[in-house]
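K.L.:
Residues per chain, in single letters:
Protein chains: 2
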Amino acid sequence: MAGGEPTRIMIGVNESTIKGYPHPSISSRGAFDWILQKIVRSNTSGFKLLFLHVQVPDEDGFNDMDSMYASPEDFKNMTHRDRIRGIHLLEYFVNRCHEIGVACEAWIKKGDPKEVICHEVKRVQPDLLVVGSRGLGPFQRVFVGTVSEFCQKHAECPVISIKRRADETPQDPVDD
Amino acid sequence: MAGGEPTRIMIGVNESTIKGYPHPSISSRGAFDWILQKIVRSNTSGFKLLFLHVQVPDEDGFNDMDSMYASPEDFKNMTHRDRIRGIHLLEYFVNRCHEIGVACEAWIKKGDPKEVICHEVKRVQPDLLVVGSRGLGPFQRVFVGTVSEFCQKHAECPVISIKRRADETPQDPVDD
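Respectively, the protein sequence lines represent chains A and B.
Mapping to UniProt numbering: the first sequence position 2 is 2, numbers consecutive.
Mapping to UniProt numbering: the second sequence position 140 is 140, numbers consecutive.
Source of the hints: derived by calculation from the structure; they are not laboratory data.
Ideal Cβ positions, reconstructed from N, Cα and C, are used throughout, including at glycine.
Treat the hints with caution; some may be incorrect.
[Stated by the list, open to error] Stretches of chain A that chain B covers, calculated by requiring three or more beta carbons in the stretch to come under 8 Å of a beta carbon on chain B:
| hint | stretch |
| --- | --- |
| 1 | 41-55 |
| 2 | 154-168 |
[Stated by the list, open to error] In silico EDC-like links for lysine to aspartate or glutamate, alpha-carbon gap of 20 Å or less:
| hint | chain 1 | residue 1 | chain 2 | residue 2 |
| --- | --- | --- | --- | --- |
| 3 | B | 163 | A | 156 |
| 4 | A | 19 | A | 175 |
| 5 | A | 153 | B | 149 |
| 6 | B | 153 | A | 91 |
| 7 | A | 38 | B | 115 |
| 8 | A | 38 | B | 105 |
| 9 | A | 163 | B | 105 |
| 10 | A | 19 | A | 91 |
| 11 | B | 153 | B | 115 |
Please take these sequences and the hints and turn them into a complete structure.
P.N.:
And the structure:
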């Protein structure tokens with residue numbers, strides 16, 4: 001049981017709905033901290049963390065209402081800026097892993113988070129998928145949907161959903 | 001992150017529907033092996049495993065059709081025999097933990113497994129609950145129910161459900 005390939009844990013992370021990029025959401029940060037404290041512990045060489053950030057494309061193609069989009073180049077720049085923002089988000093997690101000495105990888109995909117996460121699980125085949133969850137009640141869930149429930153059902157690997165701590169829940173629990 | 005209290009992992013275990021006591025079910029054994037290989041790894045002092053076995057009382061009070069129950073003492077003996085069987089099941093897990101050097105506790109409760117497990121999570125407050133799952137399809141689930149789905153929704157701690165490997169699934173997937 002000593003040695004061998006490290007346990008590969010994929011973690012879905014996203015930006016804060018309150019503070020925006022580059023700040024991670026409360027539930028992403030909570031899931032990451034939980035994994036470090038409860039699973040990795042002092043065994044830093046036994047694990048590899050795989051951070052996946054899924055960016056949701058705006059339906060109308062406009063991500064920033066302050067900007068003008070008048071040419072194809074404008075859209076290219078916008079996409080470029082999205083990538084930069086995503087990278088800044090991932091930097092938070094990758095930097096912390098380097099400080100602690102845990103191996104990691106991080107990447108960005110576009111699409112519907114729940115579907116992209118399950119697709120990436122199929123492709124990358126981690127040992128475990130971890131997703132943060134806002135811990136919404138049944139009434140709120142009808143409107144916002146939950147990525148964690150979908151992944152619990154459809155991901156082809158074991159899944160842990162980590163709920164936010166009560167003392168970290170913002171005034172509007174849909175925020176994160 | 002080194003040292004501190006060990007991570008306490010509760011594991012719900014039951015007997016094999018094919019071989020009966022004292023043999024653990026395929027999914028219980030699978031969940032246990034997965035925890036050792038993927039989470040505990042070489043860090044045996046970082047974890048404590050808590051084995052909970054829930055025995056389902058027969059509705060009519062008869063657990064064994066070969067026996068006669070003619071007096072209150074007969075029923076007491078029956079209950080006693082149930083306890084002995086449960087202890088033999090738990091011995092499998094406790095013995096393996098001792099071989100490996102992982103701290104553990106084990107106990108038996110009576111009742112509806114999904115409700116007792118969630119109640120014990122509330123009482124014992126583990127860091128993580130692990131349940132094995134037969135990985136049944138939606139049609140089979142309607143009839144047999146699944147403990148893992150219920151615990152995912154109602155247990156007051158993070159939950160991992162470990163599905164049986166395809167090559168370990170018996171001819172009738174309801175068996176375990």
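K.L.:
None of the hints should be skipped; say for each whether it holds.
P.N.:
Taking the hints in turn, this is what the structure says about them:
{"no.": "1", "hint": "41-55", "in the structure": "holds (count 4)"}
{"no.": "2", "hint": "154-168", "in the structure": "holds (count 6)"}
{"no.": "3", "hint": "B:163 / A:156", "in the structure": "10 Å, holds"}
{"no.": "4", "hint": "A:19 / A:175", "in the structure": "10 Å, holds"}
{"no.": "5", "hint": "A:153 / B:149", "in the structure": "9 Å, holds"}
{"no.": "6", "hint": "B:153 / A:91", "in the structure": "33 Å, violated"}
{"no.": "7", "hint": "A:38 / B:115", "in the structure": "25 Å, violated"}
{"no.": "8", "hint": "A:38 / B:105", "in the structure": "19 Å, holds"}
{"no.": "9", "hint": "A:163 / B:105", "in the structure": "26 Å, violated"}
{"no.": "10", "hint": "A:19 / A:91", "in the structure": "16 Å, holds"}
{"no.": "11", "hint": "B:153 / B:115", "in the structure": "12 Å, holds"}
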